[in-house]
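Colleague: Same order as they appear, the protein sequences are chains U and E. Sequential numbering of the first sequence, starting at 1, is according to my numbering. Sequential numbering of the second sequence, starting at 1, is according to my numbering.
Hint data in this document are derived by calculation from the structure and do not stem from the laboratory. From a predicted model like this one, the values you see are computed outputs, not experimental measurements. Accuracy of the hints is not assured; some may be wrong.
Note: identical chains are not told apart, hence a pair may lie in one copy or across any two.
[Claimed, not checked] No more than 27 Å apart at the CA atoms, straight line, and that leaves these computed lysine-lysine pairs for BS3-like:
| no. | residue 1 | residue 2 |
| --- | --- | --- |
| 1 | K163 | K326 |
| 2 | K189 | K346 |
| 3 | K384 | K464 |
| 4 | K57 | K467 |
| 5 | K410 | K67 |
Number of protein chains: 2
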Amino acid sequence: MAFSLRTVLPRSIARPIPRIAPIALHRRYSSAGASAVAADNGEQPFFPDEPRAPIVKTQIPGPESQKAIERLSKVFDTRSLNMMTNYQRSYGNYIADLDGNVLLDVYAQIASIPVGYNNPSLLLAATSPEMASAIINRPALGNFPQHDWADILETGILSVAPKGLGQVFTAQAGSDANELAYKAAFMWKRQHQRGGSHIEFTDHEISSAMTNQSPGAPQLSILSFKSAFHGRLFGSLSTTRSKPIHKLDIPAFDWPQAPFPALKYPLDQFAAENAAEEQRCLEETERLIKEWHNPPAAVVVEPIQSEGGDNHASPNFFRGLRELTKKHDILFIVDEVQTGVGATGKFWAHEHWGLSSPPDMVTFSKKAQTAGYYYGNNELRPNKAYRQFNTWMGDPARAILFRAIVQEIKRLNLVENTAVTGDYLYNGLAQLAKKYPNEIQNLRGQGQGTFIAWDSGRRDEVLKRGKSVGINIGGSGEKAVRLRPMLVFQKHHADILLESLEKIFKS
Amino acid sequence: MAFSLRTVLPRSIARPIPRIAPIALHRRYSSAGASAVAADNGEQPFFPDEPRAPIVKTQIPGPESQKAIERLSKVFDTRSLNMMTNYQRSYGNYIADLDGNVLLDVYAQIASIPVGYNNPSLLLAATSPEMASAIINRPALGNFPQHDWADILETGILSVAPKGLGQVFTAQAGSDANELAYKAAFMWKRQHQRGGSHIEFTDHEISSAMTNQSPGAPQLSILSFKSAFHGRLFGSLSTTRSKPIHKLDIPAFDWPQAPFPALKYPLDQFAAENAAEEQRCLEETERLIKEWHNPPAAVVVEPIQSEGGDNHASPNFFRGLRELTKKHDILFIVDEVQTGVGATGKFWAHEHWGLSSPPDMVTFSKKAQTAGYYYGNNELRPNKAYRQFNTWMGDPARAILFRAIVQEIKRLNLVENTAVTGDYLYNGLAQLAKKYPNEIQNLRGQGQGTFIAWDSGRRDEVLKRGKSVGINIGGSGEKAVRLRPMLVFQKHHADILLESLEKIFKS
Numbered sequence: 001m002a003f004s005l006r007t008v009l010p011r012s013i014a015r016p017i018p019r020i021a022p023i024a025l026h027r028r029y030s031s032a033g034a035s036a037v038a039a040d041n042g043e044q045p046f047f048p049d050e051p052r053a054p055i056v057k058t059q060i061p062g063p064e065s066q067k068a069i070e071r072l073s074k075v076f077d078t079r080s081l082n083m084m085t086n087y088q089r090s091y092g093n094y095i096a097d098l099d100g101n102v103l104l105d106v107y108a109q110i111a112s113i114p115v116g117y118n119n120p121s122l123l124l125a126a127t128s129p130e131m132a133s134a135i136i137n138r139p140a141l142g143n144f145p146q147h148d149w150a151d152i153l154e155t156g157i158l159s160v161a162p163k164g165l166g167q168v169f170t171a172q173a174g175s176d177a178n179e180l181a182y183k184a185a186f187m188w189k190r191q192h193q194r195g196g197s198h199i200e201f202t203d204h205e206i207s208s209a210m211t212n213q214s215p216g217a218p219q220l221s222i223l224s225f226k227s228a229f230h231g232r233l234f235g236s237l238s239t240t241r242s243k244p245i246h247k248l249d250i251p252a253f254d255w256p257q258a259p260f261p262a263l264k265y266p267l268d269q270f271a272a273e274n275a276a277e278e279q280r281c282l283e284e285t286e287r288l289i290k291e292w293h294n295p296p297a298a299v300v301v302e303p304i305q306s307e308g309g310d311n312h313a314s315p316n317f318f319r320g321l322r323e324l325t326k327k328h329d330i331l332f333i334v335d336e337v338q339t340g341v342g343a344t345g346k347f348w349a350h351e352h353w354g355l356s357s358p359p360d361m362v363t364f365s366k367k368a369q370t371a372g373y374y375y376g377n378n379e380l381r382p383n384k385a386y387r388q389f390n391t392w393m394g395d396p397a398r399a400i401l402f403r404a405i406v407q408e409i410k411r412l413n414l415v416e417n418t419a420v421t422g423d424y425l426y427n428g429l430a431q432l433a434k435k436y437p438n439e440i441q442n443l444r445g446q447g448q449g450t451f452i453a454w455d456s457g458r459r460d461e462v463l464k465r466g467k468s469v470g471i472n473i474g475g476s477g478e479k480a481v482r483l484r485p486m487l488v489f490q491k492h493h494a495d496i497l498l499e500s501l502e503k504i505f506k507s
Numbered sequence: 001m002a003f004s005l006r007t008v009l010p011r012s013i014a015r016p017i018p019r020i021a022p023i024a025l026h027r028r029y030s031s032a033g034a035s036a037v038a039a040d041n042g043e044q045p046f047f048p049d050e051p052r053a054p055i056v057k058t059q060i061p062g063p064e065s066q067k068a069i070e071r072l073s074k075v076f077d078t079r080s081l082n083m084m085t086n087y088q089r090s091y092g093n094y095i096a097d098l099d100g101n102v103l104l105d106v107y108a109q110i111a112s113i114p115v116g117y118n119n120p121s122l123l124l125a126a127t128s129p130e131m132a133s134a135i136i137n138r139p140a141l142g143n144f145p146q147h148d149w150a151d152i153l154e155t156g157i158l159s160v161a162p163k164g165l166g167q168v169f170t171a172q173a174g175s176d177a178n179e180l181a182y183k184a185a186f187m188w189k190r191q192h193q194r195g196g197s198h199i200e201f202t203d204h205e206i207s208s209a210m211t212n213q214s215p216g217a218p219q220l221s222i223l224s225f226k227s228a229f230h231g232r233l234f235g236s237l238s239t240t241r242s243k244p245i246h247k248l249d250i251p252a253f254d255w256p257q258a259p260f261p262a263l264k265y266p267l268d269q270f271a272a273e274n275a276a277e278e279q280r281c282l283e284e285t286e287r288l289i290k291e292w293h294n295p296p297a298a299v300v301v302e303p304i305q306s307e308g309g310d311n312h313a314s315p316n317f318f319r320g321l322r323e324l325t326k327k328h329d330i331l332f333i334v335d336e337v338q339t340g341v342g343a344t345g346k347f348w349a350h351e352h353w354g355l356s357s358p359p360d361m362v363t364f365s366k367k368a369q370t371a372g373y374y375y376g377n378n379e380l381r382p383n384k385a386y387r388q389f390n391t392w393m394g395d396p397a398r399a400i401l402f403r404a405i406v407q408e409i410k411r412l413n414l415v416e417n418t419a420v421t422g423d424y425l426y427n428g429l430a431q432l433a434k435k436y437p438n439e440i441q442n443l444r445g446q447g448q449g450t451f452i453a454w455d456s457g458r459r460d461e462v463l464k465r466g467k468s469v470g471i472n473i474g475g476s477g478e479k480a481v482r483l484r485p486m487l488v489f490q491k492h493h494a495d496i497l498l499e500s501l502e503k504i505f506k507s
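Could you build all of it, start to finish, from the sequences and the hints given here?
Modeller: Structure representation (structure tokens):
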């Protein structure tokens with residue numbers, strides 16, 4: 001018999017695509033919680049069919065999860081597993097497991113879920129014909145971009161570009177986004193040292209590059225800060241200084257680390273000391289820029305050090321960094337992988353700083369669900385084709401999703417929601433801190449949306465007990481509890497979180 | 001007015017998903033080519049509605065493409081752009097642009113499209129509810145894996161695992177897959193040097209790791225080969241030795257490169273010389289393993305050096321490498337990013353070698369449309385959680401797609417198709433080489449499926465003229481024309497390719 005796709009497939013192709021119906025699915029949860037349609041405070045919920053409250057049925061992991069973990073362990077390392085998740089049953093701010101537990105999620109896949117699980121608007125984007133094409137016809141973007149790539153960028157990634165940075169190089173995730181930005185910085189710096197983009201490489205540069213030796217592979221560096229986290233590939237890990245477990249046994253470049261300000265809290269009581277501390281850090285940064293034996297081509301910094309313990313610095317500090325980089329003719333890279341896309345109550349956290357000129361590059365990932373670096377200066381396009389290049393150079397499927405995320409953020413005004421909800425939550429935590437001063441120390445993140453953290457003397461226990469009272473919560477650094485709710489986190493969720501935390505503190 | 005998602009969205013959600021109908025779309029092309037339904041040689045085509053022949057309507061880029069390129073250039077570097085592509089109009093082995101040109105694609109997104117554009121089976125997977133969930137609920141796989149992750153792995157990625165390598169660490173793309181494998185190698189090596197997984201890190205190791213200094217950041221290396229390509233992030237680029245443009249101005253680790261055999265063709269005329277050359281390379285590899293000042297933790301090698309010019313070596317050479325790594329207690333990493341998933345007429349190219357024991361790790365990406373490294377030895381799971389970790393650790397959406405690709409490969413017996421078609425194509429090229437000895441030099445890839453290449457004294461011109469005769473074809477290294485057709489490339493496509501090449505050679 002003649003065999004062909006046509007004879008096998010048309011019926012299947014014609015089959016209507018089964019719909020996911022998260023709202024119907026999750027209506028079940030609604031009845032398990034409170035019965036009111038709106039939240040108690042009169043706020044209109046973004047997800048009316050969200051659970052009204054967490055549901056805790058078993059210890060976590062429960063028996064069904066344990067079975068699944070055991071099976072997965074045979075083929076996949078599960079020692080960092082936190083919760084075996086059923087995403088089909090997760091909805092909005094709530095994450096579900098296999099044992100009927102449904103937790104309020106203020107960790108959100110390490111700060112990477114922007115607008116709620118099974119968000120209906122994203123579902124529409126995910127089931128669109130253009131998404132299907134992007135999934136099955138993945139292009140090598142540098143060689144064979146899809147004809148509507150400019151449109152996808154302009155209506156998505158670039159529609160929220162930081163001011164002054166109207167171009168983008170797309171990537172896969174935060175770690176390679178940073179490394180690509182570093183590469184752009186090195187190429188830019190060497191071009192300057194060489195005397196311009198028209199100067200050709202010397203034979204010695206070409207031959208030494210091929211043996212990984214200077215001058216072709218230059219003895220330049222990226223300056224980062226103590227406790228910074230910029231990723232875990234070899235270049236990004238060389239700028240990461242968060243925890244030994246991230247770095248041990250991995251070869252690293254001999255690159256400099258400057259001290260990051262260790263601010264004292266509450267800020268208003270330590271204004272002078274903190275200003276002096278920031279000045280000290282700026283001075284040491286400048287010294288390293290001038291004196292480090294492998295001179296920096298760029299400084300990279302997070303607006304709030306996230307993995308490293310939620311360490312903040314003032315706008316003044318960051319303005320100082322921007323000035324230092326200008327003064328010494330090196331680039332200023334702002335790593336907004338965790339802070340970007342609305343979490344701090346601005347779309348980009350560096351908008352809080354009031355810079356007189358934009359950063360040279362801003363990297364993004366996580367809540368964007370795609371990654372890359374923004375830039376504005378044409379000099380950051382290397383002087384020849386194929387210098388900054390790889391096969392996929394990002395993923396249009398994920399860029400299409402980010403466009404839908406951006407539209408959802410704008411439609412629901414979620415950056416403002418996060419600013420307002422963040423203030424509400426911060427005030428609630430400040431009250432709790434007064435009541436339980438041993439539990440909430442160094443509360444930080446005021447005016448930074450929901451990007452809030454505090455130190456705890458029994459941090460790991462707090463995180464663990466969180467599950468038993470229905471909240472999924474994460475840590476950062478050695479002792480910080482970090483909140484990373486989604487942008488659809490509202491005041492009624494904050495109330496649940498505050499009540500749950502108090503239960504833990506009382507216990 | 002009360003505002004909620006429910007009031008805004010239900011009608012849209014209920015809307016049936018519009019179908020992509022590539023077959024109907026492409027029927028138009030059929031009439032433009034030859035009229036016979038089956039190929040002339042009686043072969044049953046996998047894509048009966050594929051164009052029968054290329055269609056060249058304009059110079060490439062044509063006027064519509066030029067407009068689109070100009071627009072994209074404003075926000076995205078387009079200097080490496082090869083063809084502005086319309087993927088909705090591409091089908092099977094044929095790639096379309098905006099000007100009505102439809103080319104036979106034997107480059108396939110730098111060897112990364114496995115089973116044809118708009119493959120209907122992949123379309124079904126891409127429009128499935130589980131794909132939609134994977135797109136909108138992207139997990140942090142190390143912390144919150146989806147409950148069916150083991151199932152997705154076992155029925156997909158792991159169902160085609162190389163013999164002996166039943167575990168996987170998933171990644172985003174080839175470059176980070178290799179770097180994660182390198183990290184696993186370094187952790188393994190240091191653990192051995194330390195005396196076992198139970199030995200704790202010393203304080204000195206911990207403090208020195210945080211300043212990027214030895215012993216915490218050890219002075220170890222990965223040995224790679226001259227002309228190798230393993231990616232372009234900082235660690236992988238340090239093992240890449242393909243072209244200066246890939247490496248210039250980027251800092252690199254001081255890691256060793258061994259010579260890769262420079263075989264002479266035709267192989268049967270230079271058997272003794274080639275064997276001596278391979279022996280020389282093995283000896284030099286061993287010398288570097290023993291003497292390089294930053295000792296290697298692993299050797300990484302491509303089964304066929306791809307970007308570096310399509311350089312082949314014999315199974316004997318690779319068996320020798322495997323023995324050397326065992327002898328010196330270091331790991332053997334096979335980079336199958338470009339060779340894997342069927343292209344050489346075996347699912348994994350290293351199956352051609354007849355190794356007595358499997359490689360320690362095999363990395364994959366490209367045609368898999370996802371990435372990672374396979375391993376078998378439990379010692380390659382680092383001794384503590386979070387040592388090998390990142391936020392996303394891959395992408396279930398792409399893993400689900402790979403499962404569909406694997407099913408399609410099995411259903412249509414595409415590895416065997418590629419072996420058979422490859423032999424047919426190789427023989428046709430060998431005939432052409434006799435007729436045009438100046439055009440096809442050093443023809444290579446016999447018995448390696450469609451992974452075929454030759455050297456050309458006017459390579460860039462041949463690639464360019466390819467478009468004018470209707471074929472999209474790529475190069476590698478300095479002078480190689482490389483063929484990277486999809487696994488659905490059949491004899492009737494080979495006939496078109498051979499005819500088109502002859503047109504170029506005659507001109």
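Colleague: Now tell me if each hint is right for this structure.
Modeller: Status of the hints after comparison with the structure:
For a Cα distance limit of 27 Å, the shortest separation of K163 from K326 inside one copy, 18 Å, qualifies, whereas the shortest one across copies, 55 Å, does not. In this homomeric assembly, K189 and K346 never come within 27 Å of each other (Cα to Cα): the closest approach is 31 Å inside a single copy and 45 Å across copies. For the identical chains of this complex, K384 and K464 are inter-copy neighbours only, at 19 Å across copies versus 52 Å inside a copy, given an alpha-carbon limit of 27 Å. Taking CA atoms no more than 27 Å apart as the test, K57 paired with K467 passes inside one copy only; the shortest distance there is 11 Å, against 63 Å between copies.
Taking the shortest Cα distances, K410 and K67 never come within 27 Å of each other, neither inside one copy (42 Å) nor across copies (30 Å).
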